[in-house]
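Enquirer: Given next are the chains, with one letter for each unit.
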Amino acid sequence: MATEAKVDPMHQFTIEPLFGTDHMELFGYNIAFTNSALWMALAAVGLWIFVAGGMKRQLVPGRWQMAVESFTGFVDDMLEANVGKQGRKYVPYIFSLFMFILFANILGLMPLGVVGVHPFTFTSHFTITGILAIMSFAIVLIVGFAKHKLHFFSLFVPHGTPLVMIPLIFCIELVSFLVRPFSLGLRLFVAMMAGHVLLEVLSSFVIDGFNAMASGIGPVVAVLSFILMVAICALEILVAGIQAYVFALLSSLYINDAENLH
Amino acid sequence: MPQIEQLAATYSSQIFWLLLIFGLVFFVVGKGMVPKVMDTVAVRDRQISDDLAAAQSARMQADSEEEAWRMRENANRAEAQALVAKAKGEAAISRDKTLAAAQAQLDDKMAKAEARIAEAQKAAAAEIEDVASEAAASIVQRIAGIDVTLDTARMAVKEAM
Numbered sequence: 000m001a002t003e004a005k006v007d008p009m010h011q012f013t014i015e016p017l018f019g020t021d022h023m024e025l026f027g028y029n030i031a032f033t034n035s036a037l038w039m040a041l042a043a044v045g046l047w048i049f050v051a052g053g054m055k056r057q058l059v060p061g062r063w064q065m066a067v068e069s070f071t072g073f074v075d076d077m078l079e080a081n082v083g084k085q086g087r088k089y090v091p092y093i094f095s096l097f098m099f100i101l102f103a104n105i106l107g108l109m110p111l112g113v114v115g116v117h118p119f120t121f122t123s124h125f126t127i128t129g130i131l132a133i134m135s136f137a138i139v140l141i142v143g144f145a146k147h148k149l150h151f152f153s154l155f156v157p158h159g160t161p162l163v164m165i166p167l168i169f170c171i172e173l174v175s176f177l178v179r180p181f182s183l184g185l186r187l188f189v190a191m192m193a194g195h196v197l198l199e200v201l202s203s204f205v206i207d208g209f210n211a212m213a214s215g216i217g218p219v220v221a222v223l224s225f226i227l228m229v230a231i232c233a234l235e236i237l238v239a240g241i242q243a244y245v246f247a248l249l250s251s252l253y254i255n256d257a258e259n260l261h
Numbered sequence: 000m001p002q003i004e005q006l007a008a009t010y011s012s013q014i015f016w017l018l019l020i021f022g023l024v025f026f027v028v029g030k031g032m033v034p035k036v037m038d039t040v041a042v043r044d045r046q047i048s049d050d051l052a053a054a055q056s057a058r059m060q061a062d063s064e065e066e067a068w069r070m071r072e073n074a075n076r077a078e079a080q081a082l083v084a085k086a087k088g089e090a091a092i093s094r095d096k097t098l099a100a101a102q103a104q105l106d107d108k109m110a111k112a113e114a115r116i117a118e119a120q121k122a123a124a125a126e127i128e129d130v131a132s133e134a135a136a137s138i139v140q141r142i143a144g145i146d147v148t149l150d151t152a153r154m155a156v157k158e159a160m
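Chains A and B are the protein sequences, given in the same order. Position 53 (the first sequence) corresponds to 52 in numbering that gives the first Met the number 0; numbering is contiguous. Position 160 (the second sequence) corresponds to 159 in numbering that gives the first Met the number 0; numbering is contiguous.
Extracted from the complex, chain A is given alone in its bound form (with noise of 0.2 Å):
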């Protein structure tokens, strides 16, 4: 037992190619069927199982079709409440998004490793946070470009500001409206590996403390460090809720900017 474990906490980021799909391409680029891909097709047909549970449309609901509903229902109220009327347009979009990154985190937390499968957490990748970041604030811009035309650079103006401080003002919230998409997809993808190498290092610790059984302190680090892991993950569970629902909520507040500017 005393092979000196390597537990890498990184490896579980790694992207691997699946099916012998290595080398498939679509115009030069590689399009490789990863683990990545598989646990986005998962999430998503765990959350059209999910929905579709929810679509008995009775007048009395169920318990699934309850539970569906208060999904729906949050996303319109959250809607309602920070872009008004004309949010509603935007459920589809928030709610696909808030959903699809929920799913994505609480799979991607499963305890599956004790049945030998491995779940990936895509929103760990900051590829997969900025690309829906990016999006989020696509919809901003063309639909405030749309909307406002270039009026929509009033935004960058606080009502109230004298004249002689806009051009310093101006510049401000222009860099502050740029770092948005950045913010937002960095926030995720911290919050989500920050929390898997928490848990990586410190289950590592349990392990390794188990093996240094002869030095007497190591079962004492592995029993403190599980006793601790239990608690993270109780924590990490509710990272994975708020940080989906924060995701929603700035794209909601960013598209609100666009709607209605201030």
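Note that these hints are calculated values from the structure, not bench results. Any given hint might turn out to be false.
[What the hints assert, rightly or not] The calculated lysine-lysine pairs, modelled on DSSO-like cross-linking and capped at a C-alpha distance of 27 Å, are: (1) K35(B) - K84(A); (2) K30(B) - K88(A); (3) K30(B) - K146(A); (4) K88(A) - K35(B); (5) K30(B) - K84(A); (6) K55(A) - K88(A); (7) K146(A) - K84(A); (8) K121(B) - K111(B); (9) K30(B) - K55(A); (10) K148(A) - K88(A); (11) K108(B) - K85(B); (12) K55(A) - K35(B).
None of these values were measured; they are calculated from a predicted model.
Put chain B on the given structure of chain A with help from the hints.
Expert: What follows is chain B alone, placed relative to chain A:
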């Protein structure tokens, strides 16, 4: 950090599969299913509010019907009371009339009886005078042996009485 190390090798596959799968999620779930779910909720909410409105209007109708019934009832009661009062008044008038008639009859009877009594008294008094004068005349004759005429005796009796 595989996210950076594998970036060049995997970015195109990540972007492709994300756009494909998220696109499917958006169009199938977001566009296809969510509006139906929300429609169900809206239908239910509308039905609930319709039912509440129907209940409210039924309650209001019941209230107005009760009000109408109460007014009708009050009118009926007032009418009945008026009828009773009228009957009472009529009864009182007819009773008074009957009483008055009876009283008049009694008064008449009493007057007649009194007149008869007075007459009888008078007759009796005259008879007593006659008898007393005859008795006085006969007493005088027997005791004094004087023949007194009846007229004289009567005068004396009248004086004495």
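Enquirer: Could you run down the list of hints and mark each one as holding or not?
Expert: Tested hints:
1. Annotation: proposed proximity of K35(B) to K84(A) holds, straight-line Cα distance about 19 Å (limit 27 Å).
2. Our distance criterion of 27 Å between C-alpha atoms is met by K30(B) and K88(A), whose separation comes to about 10 Å.
3. A hinted pair counts as satisfied when its Cα atoms are at most 27 Å apart, and K30(B) with K146(A) qualifies at roughly 22 Å.
4. Using a Cα cut-off of 27 Å, the hinted pair K88(A) and K35(B) holds, with the two alpha carbons roughly 14 Å apart.
5. Between K30(B) and K84(A), the direct Cα distance comes to roughly 18 Å. Compliance with the 27 Å bound is thereby established for this hinted pair.
6. Restraint check for K55(A) and K88(A): satisfied, since their Cα atoms lie roughly 23 Å apart, inside the 27 Å limit.
7. In summary, the hint linking K146(A) to K84(A) is supported, as the alpha carbons are separated by about 15 Å, within the 27 Å threshold.
8. The suggested pairing of K121(B) with K111(B) holds, with an alpha-carbon distance near 15 Å, which does not exceed 27 Å.
9. The straight-line distance between the Cα atoms of K30(B) and K55(A) is roughly 17 Å, inside the 27 Å bound, and the hint therefore holds.
10. Of the supplied pair hints, the one linking K148(A) and K88(A) holds, its CA atoms being roughly 20 Å apart against a limit of 27 Å.
11. Our distance criterion of 27 Å between C-alpha atoms is broken by K108(B) and K85(B), whose separation comes to about 35 Å.
12. Restraint check for K55(A) and K35(B): the C-alpha separation of about 10 Å stays at or below 27 Å, so the hint holds.
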